[in-house]
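A.B. asks: My request is simple: use the sequences and hints to build the entire structure.
Protein chains in written order, with the numbering used here: chain A, 2 to 538; chain B, 11 to 470.
Hint data in this document are derived by calculation from the structure and do not stem from the laboratory. Incorrect hints may have been included.
[As the list claims (entries may be wrong)] With a straight-line Cα cutoff of 20 angstroms, these simulated SDA-like cross-link-like pairs (lysine to any residue) come out: (1) Lys240/B / Leu251/B; (2) Lys328/B / Lys342/A; (3) Lys328/B / Leu152/A; (4) Lys342/A / Val328/A; (5) Lys255/A / Pro365/A; (6) Lys328/B / Trp146/A; (7) Lys105/A / Thr463/B; (8) Lys330/B / Asp151/A; (9) Lys320/B / Val169/A; (10) Lys105/A / Gly260/A; (11) Lys328/B / Ala158/A.
[Said to hold, decoys possible] FRET-style restraints, in silico, Cβ to Cβ: (12) Glu75/A / Tyr468/B: 14 to 24 angstroms; (13) Lys328/B / Arg295/A: 50 to 60 angstroms; (14) Val101/B / Gly384/A: 54 to 64 angstroms; (15) Asp335/B / Glu368/A: 54 to 64 angstroms; (16) Tyr268/B / Lys93/A: 53 to 63 angstroms; (17) Ala229/A / Tyr468/B: 24 to 34 angstroms.
A quick note: this is a predicted structure, and the numbers were derived from the prediction, not measured. Using N, Cα and C, we set each Cβ at its ideal position, and we do this for glycine too.
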Amino acid sequence: MNDFELPESEEIADVCLVLEGTYPYVQGGVSSWVHQIVTQLSELKFALFFLGSVKEQAVKRKYIPPPNVISITEVFLFEPLPKAQLQETGWKGEPRTEFYLRLKNFYQAKSETERMDGWWALVEHLDRDDVNPTFGNLMRDEEAWQLLSDLNDEFAAEESFIDFFWAVRFLHLPVWIALLGRTKVPPAKVYHSVSTGYAGMLGAIASRKRKKPYFITEHGIYTKERIAEISQATWIHDPPSRYFDVTRGLSPLKRLWIGLFVFLGVLTYSAAQLIVSLFEGNTGLQIEFGAEARRLQVVPNGIDPTIFDLALEKRRKRLETGSEPVVIGFIGRVVPIKDVKTLIRAARSVVARNPNVRFDLIGPTEEDPEYFSECQQMVELMGLKQHVLFLGPQNVREILADLDLCVMTSISEGLPLVILEGFSAGVPCVATDVGACRELIFGRTPEDKALGRAGLLTKICSPLDTADALLRVISDRKNLVATGEAGRVRVERYYQQDDIMGIYRKYYSDTSWASPDAPPGPYAALDDPKQWRKDSV
Amino acid sequence: MAGIGFKLIRLLDKQSYTGVLQAYGYAALIGSGPWVLSMMTLGLLGAVLRASGAGADLDIFFVSVTYVFAFSLVATGPLQLVISRYAADRVFSREDHLIFPSYLGATILVFLVGAVIGAGFFLGAVPGPLAFRFAGIGLLMAVSGIWMSTVFLSAVKDYPSVLKCFAAGYSLSFGSTWIGGKWAGLPGMMTGFLVGQIGLFLMLFLVIFREFGVREGPSFKFLGYFRNHKVLATCGLVYNLGIWIDKPLNWWFSSHGYEVAGALWAAPLYDEAVYLSFLSVAPGMAVFLLSVETTFALHYERFFRQVVEKASLRELRKTKQAMIDALQEGISRMLKFQGGVTLLLVIQAETLLAKLGLGAVQTLVFRTTLIGVFLLVILLALLTVLFYLDRLKEALIACSLFAVVNATGTLVGLLLDERWYGVGFTAGAATGVVYAMNQTNYWLNRIDYETFTSQPLYDK
Numbered sequence: 002m003n004d005f006e007l008p009e010s011e012e013i014a015d016v017c018l019v020l021e022g023t024y025p026y027v028q029g030g031v032s033s034w035v036h037q038i039v040t041q042l043s044e045l046k047f048a049l050f051f052l053g054s055v056k057e058q059a060v061k062r063k064y065i066p067p068p069n070v071i072s073i074t075e076v077f078l079f080e081p082l083p084k085a086q087l088q089e090t091g092w093k094g095e096p097r098t099e100f101y102l103r104l105k106n107f108y109q110a111k112s113e114t115e116r117m118d119g120w121w122a123l124v125e126h127l128d129r130d131d132v133n134p135t136f137g138n139l140m141r142d143e144e145a146w147q148l149l150s151d152l153n154d155e156f157a158a159e160e161s162f163i164d165f166f167w168a169v170r171f172l173h174l175p176v177w178i179a180l181l182g183r184t185k186v187p188p189a190k191v192y193h194s195v196s197t198g199y200a201g202m203l204g205a206i207a208s209r210k211r212k213k214p215y216f217i218t219e220h221g222i223y224t225k226e227r228i229a230e231i232s233q234a235t236w237i238h239d240p241p242s243r244y245f246d247v248t249r250g251l252s253p254l255k256r257l258w259i260g261l262f263v264f265l266g267v268l269t270y271s272a273a274q275l276i277v278s279l280f281e282g283n284t285g286l287q288i289e290f291g292a293e294a295r296r297l298q299v300v301p302n303g304i305d306p307t308i309f310d311l312a313l314e315k316r317r318k319r320l321e322t323g324s325e326p327v328v329i330g331f332i333g334r335v336v337p338i339k340d341v342k343t344l345i346r347a348a349r350s351v352v353a354r355n356p357n358v359r360f361d362l363i364g365p366t367e368e369d370p371e372y373f374s375e376c377q378q379m380v381e382l383m384g385l386k387q388h389v390l391f392l393g394p395q396n397v398r399e400i401l402a403d404l405d406l407c408v409m410t411s412i413s414e415g416l417p418l419v420i421l422e423g424f425s426a427g428v429p430c431v432a433t434d435v436g437a438c439r440e441l442i443f444g445r446t447p448e449d450k451a452l453g454r455a456g457l458l459t460k461i462c463s464p465l466d467t468a469d470a471l472l473r474v475i476s477d478r479k480n481l482v483a484t485g486e487a488g489r490v491r492v493e494r495y496y497q498q499d500d501i502m503g504i505y506r507k508y509y510s511d512t513s514w515a516s517p518d519a520p521p522g523p524y525a526a527l528d529d530p531k532q533w534r535k536d537s538v
Numbered sequence: 011m012a013g014i015g016f017k018l019i020r021l022l023d024k025q026s027y028t029g030v031l032q033a034y035g036y037a038a039l040i041g042s043g044p045w046v047l048s049m050m051t052l053g054l055l056g057a058v059l060r061a062s063g064a065g066a067d068l069d070i071f072f073v074s075v076t077y078v079f080a081f082s083l084v085a086t087g088p089l090q091l092v093i094s095r096y097a098a099d100r101v102f103s104r105e106d107h108l109i110f111p112s113y114l115g116a117t118i119l120v121f122l123v124g125a126v127i128g129a130g131f132f133l134g135a136v137p138g139p140l141a142f143r144f145a146g147i148g149l150l151m152a153v154s155g156i157w158m159s160t161v162f163l164s165a166v167k168d169y170p171s172v173l174k175c176f177a178a179g180y181s182l183s184f185g186s187t188w189i190g191g192k193w194a195g196l197p198g199m200m201t202g203f204l205v206g207q208i209g210l211f212l213m214l215f216l217v218i219f220r221e222f223g224v225r226e227g228p229s230f231k232f233l234g235y236f237r238n239h240k241v242l243a244t245c246g247l248v249y250n251l252g253i254w255i256d257k258p259l260n261w262w263f264s265s266h267g268y269e270v271a272g273a274l275w276a277a278p279l280y281d282e283a284v285y286l287s288f289l290s291v292a293p294g295m296a297v298f299l300l301s302v303e304t305t306f307a308l309h310y311e312r313f314f315r316q317v318v319e320k321a322s323l324r325e326l327r328k329t330k331q332a333m334i335d336a337l338q339e340g341i342s343r344m345l346k347f348q349g350g351v352t353l354l355l356v357i358q359a360e361t362l363l364a365k366l367g368l369g370a371v372q373t374l375v376f377r378t379t380l381i382g383v384f385l386l387v388i389l390l391a392l393l394t395v396l397f398y399l400d401r402l403k404e405a406l407i408a409c410s411l412f413a414v415v416n417a418t419g420t421l422v423g424l425l426l427d428e429r430w431y432g433v434g435f436t437a438g439a440a441t442g443v444v445y446a447m448n449q450t451n452y453w454l455n456r457i458d459y460e461t462f463t464s465q466p467l468y469d470k
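C.D. replies: Printed below as a string of structure tokens:
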């Protein structure tokens, strides 16, 4: 698979997808979505710009891009800098003074707008041929040190300076590497990034430089995910408080990190004419993190339900004959965010009340070996070895026929594709009330809701709640078919791959995005987001 | 999930903050440096010998000791600095057990070097009784061993016991020299002095053994340090050269220089006055050790400890200011004390030197070099600070300026008349002080900038 090489091409792509830590090297929801887009919109030429962490994590491609992907460009943000970038160039005069002046203006901006202007002024200056500072300059130039000390006085005067110093260095390093990569972003008629963050930053720069439209589709909310990560991070210096103080927030260093990602978010949102999220629950977050409401759109994931027809038939027949035991399936990676431990606890409680139930855990287990082995130990200690099976990766199309019901105990989700797949095969789902699960299981609009419930919702981290819901669904075996089929109809009506792809096809081909500052056009692909907000909950 | 966010933990884990803290303990070396001791010894010896009545044997003895000191200092100079850096690094990395073996190794090495140079010089170029010549070789070895011991003792910073050792060692040396001289003339004097110096070496050895002693054979691992510490080694050579260079120039090129015996030359008119001036550094050295070495070093260590212990930039700036204040205070105190002593001696020079039987020219040289020695003590303090700041290149330039100006000034002075004798030495010290003062000021003010910005982004 990794032998797959794309022809070098000077062709201008129709769409450049700016991807951060995903397709084609990482498996997951975002990657399948990207693969779907490039495969389904086969009449368009795609250029992929991949931002990775380190090279060693991007050796094996998990997907084979179709031939209409004309180029893949890779930039790794956590690879060591080349030697030349570590040395200081002896630059002087106007390019240097102006650079540090603009850098200062950017950091010390008094408002969001001022900061954004400062940012673009800085990028513009860096684009000049006679302005070529290295990271070594940023590390050693006296103006940089002066600015660093001023910023320290302003934002973290009481903080550990060595931690502040390293935080500033490590915070800027990947941004700098990404900035160096801005010239490598291939020419395209439309730029589309699949997250904010570094990918958003580069998409925004490329769109502005080449005067082409810019979209962003967010599966999770990057800014929120980073904030959650940073708040819990133990590697960022966070001095213990000597006394209990409820008003005390995060340490300045954590705020510094968060500030970076919030800024990158705002930068992306302000540059994109169109900001897409998968489900309505996320639009509110996007607004909270700086997106302008009129640019927001919701386009869910799509799927082709007919490929599950066989499974649907098989399952229906099996349930009609009343086969034993009841099989509850979990499809997903065995990782903490999926909260498999809660699932195992729920399994104990289900098995205690109905020993005729088996749990099949389907999906890769190697991502977090420690977590996986803890899960295995739990299963053993609870005496569930007969009832909870780790099956590893399986062919989902086939295995869905053997499942009576799907379960999901995730702490956080976007729009989980497995639910759509399960529904397509007529498998109902008991899931935690996160991400788009409510919209998927209960329906979104009144017409959608009228199709009926395709499962139940549970509280997160609540084994009992999950167990109760599972038992409720399986207790009525006859209903299992009907419940599942409500899901199938919902997929056919609202999550048809062809419909969803049609929306993106329209976005990409539309010429009215002419100027980068054009407001989002008449592309109310689905309903008005505000309307949905009223309907849901 | 899209987004790599930041996978920095890997990067941060590798980054050991302690890398900031380096071992600069060797800076103390210059303060308790062998060169000061050697000059003071010669001054003392010259005065004592003169008091006991001049004679050809006495002259040969004195000149021989002078050569032994000069050879041993210049030859061991590079090793002195490199080995002290090596020892300081071992203390820092908590490998104290490696110190004693390297002391043994270094001592063996300087014994060998001393033996080779001594044999070449005393057997090849100096006439006289064989016993005298062999005692000369032995003396060169013993004295080199003493310098090496003082280097290691500077790490202990137990100045009182070092002082006691030297007091006892020199009393012994002078006593046995006097007895030896009475008993067997020149060879007796030389052997007597050698016995005293061996005694001193053994006392120092014991102090080091008490501190670092382990039951292990000699180690020569420190030799590897020469590869990466060339500037340091050169520094050790150049500053010893700087201090000595004016003497041989006077021996060989002045009208009053003469051949004492074979390759042994002397210029008593100049030498004795200079050695006597060196006796005046005692108060300056004391202040230096007390205020620069302790107060400054305290703040210096505090600065780096604070860096690692997560102090704020404001606290670091405060400590930096305290460091600067301590240095200013120390220098001004040195100016006061040493300046006072120097001034007094300059005024009283005539009466003082008359008592020792020295003449007008020597009084003139004495007055000039008193000021030179005064400046040299200041230079020494500044060099110490430069070493602390790891500005080896700047320290080397300061030493080189001193050496070069000293040499040229001395030669020019010799072309002129007696009034210019010693001016080269003093001008050299002054040039060194001006340069070192500037550099110290510059680098001390940017210690925070340098400490942080010079940290490599990636571990090597």
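A.B. asks: So, for every hint listed, does it hold in this structure?
C.D. replies: Hint by hint, here is what the structure shows:
1. Lys240/B / Leu251/B: holds (16 angstroms)
2. Lys328/B / Lys342/A: It is violated: about 52 angstroms lies between the C-alpha atoms, which goes past 20 angstroms.
3. Lys328/B / Leu152/A: It holds: about 18 angstroms lies between the C-alpha atoms, which stays within 20 angstroms.
4. Lys342/A / Val328/A: holds (18 angstroms)
5. Lys255/A / Pro365/A: violated (33 angstroms)
6. Lys328/B / Trp146/A: With Cα atoms ~18 angstroms apart, Lys328/B and Trp146/A stay inside 20 angstroms; holds.
7. Lys105/A / Thr463/B: holds (19 angstroms)
8. Lys330/B / Asp151/A: Holds, at roughly 17 angstroms.
9. Lys320/B / Val169/A: Satisfied, since the Cα-Cα distance of roughly 15 angstroms is no more than 20 angstroms.
10. Lys105/A / Gly260/A: With Cα atoms ~16 angstroms apart, Lys105/A and Gly260/A stay inside 20 angstroms; holds.
11. Lys328/B / Ala158/A: holds (13 angstroms)
12. Glu75/A / Tyr468/B: 14 to 24 angstroms: Since the Cβ atoms of Glu75/A and Tyr468/B sit about 21 angstroms apart, the hinted range of 14 to 24 angstroms holds.
13. Lys328/B / Arg295/A: 50 to 60 angstroms: With Cβ atoms ~53 angstroms apart, the hint holds.
14. Val101/B / Gly384/A: 54 to 64 angstroms: Distance hint for Val101/B, Gly384/A holds at roughly 59 angstroms.
15. Asp335/B / Glu368/A: 54 to 64 angstroms: holds (57 angstroms)
16. Tyr268/B / Lys93/A: 53 to 63 angstroms: Given a distance of about 59 angstroms, which is inside 53 to 63 angstroms, the answer is holds.
17. Ala229/A / Tyr468/B: 24 to 34 angstroms: holds (29 angstroms)
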